[in-house]
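Okay, here's what each chain looks like letter by letter:
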Amino acid sequence: MFLKQYLIPRLIQYVLVILLGITAVFFIPRLLPNDPVLRTIAEMRARGSYLEPGAMDKIISDLQQMYGLEGSWFDQYLAFWGRLFRGDLGVSFFQFPTPVLDLIMTALPWTVGLLLTTTLLSWAIGNLIGGFAGYYADRSWSRTLDAIAMVVRPLPYYIFAFALLLLFAYLLRWFPVSGGARLGMRPSWTWPFIQSVLWHSVLPALSIFILSAAVWFQTMKLVVQNVNAESFVAYAKLSGVQENRIVSRYVIRNALLPQITGLGLSLGLIFSGALITEIVYSYPGLGTLLYNAIVNGDYNLIMGITIFSIIAITTSVLIVDLMYPFFDPRIRYM
Amino acid sequence: MRRTRMLLMGLLLAASLISAACGGGPATPAATPAGSAATPAAPAPAGGTGATLSEFGDLPRHETLIVDILTGRVGSPDDFNNWVGWKWRDRGMQNLANEPLWSVDFATGKIIPGLADGDPVYNADFTALTIPLRKGVTWHDGAPFTAADVVFTVETLMKHEGFGDNSFFVENVKSVSAVDDYTVAFELKAPNSRFHTRFLDRWGCTWIMPKHIWEKVEDPVTFKFNPFIGTGPYKLHSFDPSGFWTIWEKRADWDKSPTGIMYGEPKPKYIIFRYFANEGAKILAQLTHQVDVVNVSSDGLKAVLTQCDSCRAYQLNWPYVVNNDPAQTGITFNTARAPYDNRDVRWALLLAIDIAEYMGIAVDGTGALSPVHIPSLSNYPKDFIQPMLPWLKEFTLDLGNGETFKPFDPNASQRIAEYARSRGYAVPDDPAEQAKLFGYGWYKYAPDVAEKLLLKNGFSKTSDGKWLLPDGTPWKIRCLTGTQLATGMGERNCVAAVQQWKKFGIDAEVYSSEAAASLNATGDFDVSSNWPAQEPWGAGPDLYRVLDYYNSAYVKPVGENTSGHPSRWSHPEMDAVVEKLRKTDPTNYQAVVDVGIEGLKIAVREMPGIPTFGYVGFIAWDQTYWTNWPGAENPYTQPYTHWGPFKYMTPFLQPTGTR
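Note that the protein sequences, when read in sequence, are chains A and B. Under this note's numbering, the first residue of the first sequence is numbered 1, with each subsequent residue one higher. Under this note's numbering, the first residue of the second sequence is numbered 1, with each subsequent residue one higher.
No wet-lab data here; the hints were simulated from the structure. No false leads were slipped in.
Straight line, CA to CA, 25 angstroms or less: simulated SDA-like cross-link-like pairs of lysine to any residue:
1) B:K216 - A:P99
2) B:K159 - A:L63
3) A:K58 - B:Y554
4) B:K189 - B:V555
5) A:K58 - B:P191
6) B:K224 - A:G87
7) B:K159 - B:L129
8) A:K58 - B:D575
9) B:K224 - A:D62
10) B:K556 - A:D62
11) A:K58 - B:S175
12) A:K58 - B:V221
13) B:K224 - A:P99
14) A:K58 - B:V555
15) A:K58 - B:V176
16) B:K189 - A:S61
17) B:K189 - A:D62
18) B:K224 - A:Q65
19) A:K58 - B:A336
20) B:K583 - B:V170
21) A:K237 - A:S248
22) B:K556 - A:I60
Keep in mind the model is a prediction, meaning the values are calculated, not measured.
Could you build the full structure based on these sequences and the hints that come with them?
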């Protein structure tokens, strides 16, 4: 019953969303006026290369051939799926001939490491504190935390991140100004490198954590205040159930459902990178890789990153959907 | 149950942190043994600059020069095959590790022979040439550099279409051979008096491959050439797989590089090219002495000079900027589209510009004006601009009805000087110094004359002063430019031009687009901030590179990619000048100058684009660790670390001894 009425249709929907998403990502960059071949030539000219005017047509056709941009869009579309099913995302145009997969796999660990940690931490701590603050909404500490969150949340991320940089990297000089690890260090499983990565990631992580936790705190507090007004909470209080048990077992657990959905989406968005964080802290990751790909009309790289992102978001939403019964026994799929 | 969840959460966090630590994904082969593993923990800082010293690992800061990468984060860090596509060669490849046959030094106006041992020698009809090569040069791995390397390079480039230079050599070279170990001979398919400039480095050229390495490679187009082996004074030490830094180390046998042979021992032991994703962080790094040389914006330079006692700019006093970069900025018209196909309209738009106001808006008065399509720097004022002044003064526009107008204003530069004084800047009184700063004149602000030119061509004006096209529709100008509106020189030109044309009564606006390069190439614009002419060499008298881009052979219809200048302008007289230049010996100085002046006169008369001011660069040098920078008071070489001749600067830098 569950299989036929829910799981199979849901899986079909999952596959369709991925197929349509990838198809859209294939065509949309081609509708932009940014031609990757002309862009490459313009970049080479702008960067001082003297391209013989008489040889320009040949250079253009050579580049089109190397980039796989010959033939109609439909031909390219078919060739693209053929490559994708073989696990080949093609080569980056702008970083030719580096394979797209290599570029993504170089940037991905940095992005996942930073964003997975900060997303989970901010979600857990923001919701936990928000839950208690919502239940004990009339306590002074709750109001203080609420006031802090109200001040922090609307701060533009760029300003907030740069303020942290100024304070901790320039004035106090506790942390480095930029980068993901020390100059001259190559990634390795050694303690000096891990230590260096952790040292460099403190400010980026802190900036994301604080702003993100403030959001989870506020939303959780509001949801909990609504749950608090439910009759089962009043009944539990009248029955003499301990307050901590009421908060953790009844109130927070009931308020958690929308937050879990939000977590699923946030985890999926990790694969889009954190562009502003990467810019402020010169942190390596997928965000600037994607931005540069868009600016340079690097179709293959745009598709490579967004395919990861589409699959991550749809998969995380699917998993959250399937896991709902574990969090809320009232939900059944049969 | 709760404990299990907590444990899972902890494991997940740990895994993610370790994942970050793993960082680089697929292991990249080490550039050199020294760069292959994590460096040991940093030694304790020896003083001075704060806790961030450990940022440099085991590299001794007092022996290390740190500069920022102009073109940004390296996208393909492990790929040094500069012969295919764009490889971020300014991360130290062109400027430290590679030596070309010749280099342009725009500060001294000289052509520096690197691997070559003098000028090329052409035959009478320019169908053959020989190039003498420098003796005593070795590659980074100790193998000797000989004519065989040059022959191998050209033959390899001709064999594989994937190389960017393939079509040039296939079209030009009949044969290449080694006369002896230090002489190369070319036979060409057709006369080409500028063939050798393919090897002349002006921010890029054809580099020579080490034959003993490349001859063993199966597919040279996809070969990554890692580690890079060149003949320059620095060799690859290590690089970041994410493209944020590249470290170069002085060769032990530096005296086997052309740099060492010509200028002596380079002083820094290590040079780091480092990327900053935002200017704020770059400035903070310089203020904390974590980077010695930065390329910044105008405001960034002001911030550095205000906050940093040990920092200096190219010029010690206002305007501080680098004003001898060999690029002429300005405005380009799409002459394939009406009404910009009309010379009178182009001149009218020029005369509607008050250049003093324009310069104030664009660059706060810091650039040098040029009335012709080459910048006012290096040998160009002496060879071209000053000799053209009498002609410019007499140059006349026909306004119709027998009325004429002489547009040149030899005092335009003084108007910029007055603007600068009004801003409180210290402007020198010496006319020669003023000319260096502001140029040798420009054109008059004559909106009344502009109006006459437009009325003569059927334009009209509404009662509220707005211009209408000859067909009676409102005249709208969208000035196509890039996205760096606050800092880009092209963008600043569009911003200033739009202000001027609005004041004149045209509905003008800036059209800022990431796709500007593509739109310029296909001619999908009316007016753009593309340079109004191809950049000149920056040294020597030859303007072939500038004028040939106007060749009618390269003009394509709108919608097709242009091979020549985006203005799509051409003229039979210019074609004749280009042809004459092709037949002129490039080493015959005065003959080349004379033909160049002929071409510049045609460009001024037809005005396919408006030349305004020379490119303005903003660099800041921190003198905590290194001094004797080639500033305006001592321009022993060009000042940029991203240009090829940076390597020729390294023997002259002086360590301060600060640790």
